[in-house]
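Engineer: Following full-length UniProt numbering, the numbering of the sequence shown begins with 1 at its first residue and continues without gaps.
Everything labelled a hint here was simulated from the structure, so no lab data went into it. Please note that the accuracy of each hint is not assured.
[Stated by the list, open to error] Here are the simulated EDC-like cross-link-like pairs (lysine to aspartate or glutamate), alpha carbons at most 16 Å apart as the crow flies:
#	residue 1	residue 2
1	K147	D165
2	K171	D347
3	K142	D165
4	K204	E227
5	K142	D115
6	K288	D266
7	K147	E174
8	K147	D125
9	K147	D172
10	K142	E117
11	K204	D268
12	K204	E245
13	K142	E164
14	K288	D302
15	K204	E174
16	K171	E144
17	K142	D163
18	K204	D266
19	K204	E231
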Amino acid sequence: MKVWKRFGALALSAVMVMGMAACGSDSGTTTDTQAETSGAEAAGSEAADGESTAAESTGTTGGFALDGTWPEETVKIGFVAFDTTDEQYLACMDYFDYLSNYFNIEIMSSESLADAEGELNFISDCAAAGCKAIIGYYNEAKAESAKAAADLGMYYWGGFGGDEDAYNEVKDNEYYLGGYTLGDAEYNAGYSMAQALIEQGCEKIVLCSGGASMGVSMFVDRKAGFEAAVEEAQADGSSAEIVYEIEGWPGTDSFTADQTSVLDMDIDAIASTFGVEMWFQPLMNAGKTDSVKLAAIGVVNDTYYDFFNEGIVTCIVYDCEEVVFGNAIPMILNAVNGDIDAVRNEDGTAALFPVQRWTVTNIDDYNTIYDLHSNGEYVITGEDVANLIKAYNPETTAQDFFDFYGGFSVDSISE
Numbered sequence: 001m002k003v004w005k006r007f008g009a010l011a012l013s014a015v016m017v018m019g020m021a022a023c024g025s026d027s028g029t030t031t032d033t034q035a036e037t038s039g040a041e042a043a044g045s046e047a048a049d050g051e052s053t054a055a056e057s058t059g060t061t062g063g064f065a066l067d068g069t070w071p072e073e074t075v076k077i078g079f080v081a082f083d084t085t086d087e088q089y090l091a092c093m094d095y096f097d098y099l100s101n102y103f104n105i106e107i108m109s110s111e112s113l114a115d116a117e118g119e120l121n122f123i124s125d126c127a128a129a130g131c132k133a134i135i136g137y138y139n140e141a142k143a144e145s146a147k148a149a150a151d152l153g154m155y156y157w158g159g160f161g162g163d164e165d166a167y168n169e170v171k172d173n174e175y176y177l178g179g180y181t182l183g184d185a186e187y188n189a190g191y192s193m194a195q196a197l198i199e200q201g202c203e204k205i206v207l208c209s210g211g212a213s214m215g216v217s218m219f220v221d222r223k224a225g226f227e228a229a230v231e232e233a234q235a236d237g238s239s240a241e242i243v244y245e246i247e248g249w250p251g252t253d254s255f256t257a258d259q260t261s262v263l264d265m266d267i268d269a270i271a272s273t274f275g276v277e278m279w280f281q282p283l284m285n286a287g288k289t290d291s292v293k294l295a296a297i298g299v300v301n302d303t304y305y306d307f308f309n310e311g312i313v314t315c316i317v318y319d320c321e322e323v324v325f326g327n328a329i330p331m332i333l334n335a336v337n338g339d340i341d342a343v344r345n346e347d348g349t350a351a352l353f354p355v356q357r358w359t360v361t362n363i364d365d366y367n368t369i370y371d372l373h374s375n376g377e378y379v380i381t382g383e384d385v386a387n388l389i390k391a392y393n394p395e396t397t398a399q400d401f402f403d404f405y406g407g408f409s410v411d412s413i414s415e
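Take the sequences, apply the hints, and build the full model.
Structural biologist: And the structure:
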């Protein structure tokens, strides 16, 4: 049985499970202002020996059950999205639905937003709808979003994509919670993609650089990391090289023309600084699925399943949703319950804590993650989340929180 290794820093026995509901509570994830819930069953915790068990009741503060009835008043949370059809967005919604079986939360999602004005308007709508907090999954307005939420009496979670100036503007604001940081993650994402392909024997590589030529920082950094890995490999004697760069986005005439051009070339791999699914059909049409490897910054899901298992996609740089984005829920619940110190730096400022982006190159690792999620189970369970909330575990500290979320990596999974 494929299981997730448990981290020893936190004792699950501190979690109260007095009435696990079979079908969950009435709270859940909403899209826009609708209050539809998932009804997904709450999964039991995965014990270290791989057996599913409920955590033992130990009489911690309040005697709260993990059945969706705590807090007593529903905590409504606004979720700022940029594309509600995006696979990662949908995975986040599924995880929040799962957590709604444990905690009395309700997610109010925006429609697909494209600019700062839409973002700020949605934050205002959330306040009018009674939201207690905002999850800044998409953030174009930077610190202004956190300020707007604070002015309306709502907590704000989000790291502004690592923008230090934005963080410094609001780090002392009592309503700004902080969020995860990936450090030099964009650079490292590009670097690890190139490194993986080179280790797999690829020499002639095509790079899809997305918005790098337009100055979009995330793509500039990803391209720089990719190029650096290739240059380092060359210095060590490798014959790897970037033989062609495709700029911009799929669906444009220039991108389509470049696709045709590179598939007529003798190449070993195509690396994309975003998704790579736009290459599936052209690669099959060209009869090159056996000779050209694909690498992407993407997700572990149905879209990539067959192609990864068939060895066509050989590298995915992945943000595990419950690790990278799911930490917003215990941060928010602690703050709303008056225990903001549980998610704050020692000096009282909002925390930007590191989590790991995963580079998935192994089929077994891919399938372990895929199977877990397909079964409605998660790397970080409802019991794990409860153990990071002071109402359930008075002994938990901010450092416990940071260490727990920062400790998960792709190397943590095993057979």
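Engineer: Give me the numbers of the hints this structure contradicts, sorted from smallest to largest.
Structural biologist: 14, 15
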